[in-house]
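So the protein sequences, as listed, match chains A and L. Convert by adding 10 to the 1-based position in the first sequence; the result is the number in the working numbering. Convert by adding 10 to the 1-based position in the second sequence; the result is the number in the working numbering.
Quick caveat, the hints were computed from the structure, so don't treat them as lab data.
Put simply, identical chains are the same to the list, so a pair is met inside one copy or across any two.
Derived DMTMM-like pairs: lysine to aspartate or glutamate, alpha-carbon spacing no greater than 25 Å straight-line:
| id | residue 1 | residue 2 |
| --- | --- | --- |
| 1 | LYS38 | GLU49 |
| 2 | LYS83 | GLU125 |
| 3 | LYS12 | GLU42 |
Protein chains: 2
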Amino acid sequence: MKIGGVHYRTIWPSEDGGAAVCVIDQTKLPHEFNTVWLETLDEAARAISTMQVRGAPLIGVTAAYGLCLALTKNASDEGLDGACATLAATRPTAVNLRWALGQMRAALQPLPPAERAAAAYAKAAQMADEDAETCRLIGQHGQKTIADIAARKGTRVNILTHCNAGWLACVDWGTALSPIYHAHNAGLPVHVWVDETRPRNQGAALTAFELGAHGVPHTIIADNAGGHLMQHGQVDLCIVGCDRMTAMGDAANKIGTYLKALAAKDNGVPFYVALPESTIDWTISDGVREIPIEERSPGEVTHMTGLAENGEVLTVQVTAPGSHAANPAFDVTPARLVTGVMTERGIAPASREGLLQLFPERADHARA
Amino acid sequence: MKIGGVHYRTIWPSEDGGAAVCVIDQTKLPHEFNTVWLETLDEAARAISTMQVRGAPLIGVTAAYGLCLALTKNASDEGLDGACATLAATRPTAVNLRWALGQMRAALQPLPPAERAAAAYAKAAQMADEDAETCRLIGQHGQKTIADIAARKGTRVNILTHCNAGWLACVDWGTALSPIYHAHNAGLPVHVWVDETRPRNQGAALTAFELGAHGVPHTIIADNAGGHLMQHGQVDLCIVGCDRMTAMGDAANKIGTYLKALAAKDNGVPFYVALPESTIDWTISDGVREIPIEERSPGEVTHMTGLAENGEVLTVQVTAPGSHAANPAFDVTPARLVTGVMTERGIAPASREGLLQLFPERADHARA
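Please build the complete structure, drawing on both the sequences and the hints.
So this is what it looks like as structure tokens:
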């Protein structure tokens with residue numbers, strides 16, 4: 011997507027074919043736009059652990075490139091093993107990180123050490139391209155839903171989203187935001203209600219930043235406001251991302267998603283979940299009972315970071331001193347509240363039957 | 011209620027019978043507890059306009075005492091008229107402020123000027139006492155609901171509340187928090203989930219402060235978290251306040267209340283609205299259509315105020331630069347989502363019939 015008219019991905023190798031990889035430093039967003047060159051395994055590992063890069067797909071691709079940087083210096087079996095271990099330890103719970111490292115290792119281990127670095131760069135580039143293509147396809151399919159509403163309505167389409175499921179979390183396009191970018195690029199009149207998404211504010215900070223940078227009209231709202239807007243006909247559809255979907259279509263996503271899905275149902279507003287097939291966990295069925303929810307630091311609730319008048323980025327305590335906070339990071343939206351699932355193969359109902367229509371090869375594994 | 015073991019109201023006259031009125035400076039909460047003596051009409055007016063005092067009942071009583079301070083210096087007809095005009099202009103949309111001034115004026119105008127100041131102090135004290143008594147009765151009735159759950163459950167009762175409907179908004183006890191204080195004082199094991207309540211954070215700042223100061227166990231959560239907690243059986247009931255209730259039981263309250271009511275309904279959690287009869291607007295019936303919703307400054311969404319590490323209270327921008335924000339301040343919870351209404355006369359269903367059971371004298375005026 012674009013920032014100030016220039017096309018960016020979230021990660022790209024140097025043009026001389028190696029030696030360094032560039033990423034956008036997301037810890038500085040939205041107040042500063044900085045890119046950082048990663049030249050060593052340790053720099054790549056630090057970029058992941060300090061969340062200069064975040065979002066499951068981007069973490070995976072960054073780990074893949076981190077392995078490339080390591081193999082340039084030491085392509086022995088020990089070098090490969092050590093680099094994989096270093097990178098896997100950066101974010102202990104990131105499933106995609108381990109998946110990406112597993113893919114890389116399987117491709118590289120059989121090769122003679124002298125061929126590993128070049129093969130690693132090729133494989134990492136392929137992973138980045140595949141992620142971008144998957145997200146592009148999600149957007150191409152999802153765009154039709156927006157176009158249908160635009161045709162019926164004749165005026166601007168108001169889309170509500172929660173958290174950041176945009177290109178900053180991926181390599182390009184994003185998941186929930188990809189249909190919106192496609193619609194906007196096609197000249198459809200879209201406007202996005204951006205949920206702030208407390209406590210980490212990824213909506214107000216990242217989604218608003220990337221929509222603004224690409225030129226998509228949008229308005230930030232408190233997470234509390236969406237129900238009221240839906241009651242008054244100001245939301246035409248909701249599109250959110252997903253961290254894990256069960257084989258029955260229950261969707262775990264950033265905390266608060268469930269509340270918006272309830273309001274959408276109560277007001278007849280279509281509610282879509284956008285995700286690649288890789289996000290579907292075919293081994294589970296009941297999301298509320300089977301998906302463990304990460305409890306994160308209370309400090310994310312009690313403190314907030316922002317730009318002070320003097321230009322410094324500061325953290326302030328916003329809660330009563332001495333009061334404790336709890337911070338469950340995700341919730342589960344039951345499939346009954348989801349109008350449809352937007353994937354790289356098309357849109358289907360959020361149900362076992364719907365998902366298997368799109369991914370029939372999973373029929374043997376999908377839990378009922 | 012108590013702060014550090016000492017009983018406070020939010021406003022009280024000096025013990026020598028006049029000349030000054032003391033209030034808690036709520037602009038300094040939760041980071042500092044300060045009281046301020048108001049000695050003149052202008053100081054009282056400023057306390058209201060700068061929100062040193064806030065909450066409809068407290069604003070009304072502060073205006074009443076402001077009139078006392080004015081009449082001590084000038085009890086002529088012009089003095090009375092001028093002081094009423096000055097006080098009425100402090101918060102142009104506060105219904106309760108105008109109601110309180112109307113009551114005072116009606117009582118004082120017929121008196122000879124020499125008797126007005128003393129009569130004003132007596133009337134203001136009566137208004138304060140009546141508000142405290144109304145809130146005490148709401149709590150006495152609501153406590154039974156909590157006691158029933160405690161008896162059935164045998165362990166601590168988890169109550170979710172939104173925004174601040176506590177004693178800081180009233181003279182004492184509060185509305186939604188009054189049943190909780192009564193239950194806690196009676197030795198029932200209660201724990202309160204305090205919704206942060208973006209964008210103004212009255213939950214994280216004021217509700218958490220007053221519960222903590224009185225010793226009531228509580229935990230602050232992001233507004234997004236309540237649905238997840240209800241899905242997992244961690245909320246036994248919800249009690250919220252109300253800014254305006256229709257004759258049919260629709261409840262306008264701080265933005266986001268509607269989302270919690272939806273989640274409560276979806277999970278079979280009882281959802282109560284606590285309010286004095288004076289909050290019921292018998293002239294309207296359909297809340298979503300008839301209650302205009304105040305749109306407040308976008309700055310409340312884009313900026314947050316808190317305590318920096320150096321001890322200063324600072325404001326920081328938390329949103330992407332250049333992105334706009336919208337800030338609807340209230341939403342309407344339809345009566346169908348409300349389990350019951352807790353009032354000074356008891357608890358009733360949120361319906362015309364239910365409300366008129368408690369307040370039969372309103373039958374002639376209540377819209378259907």
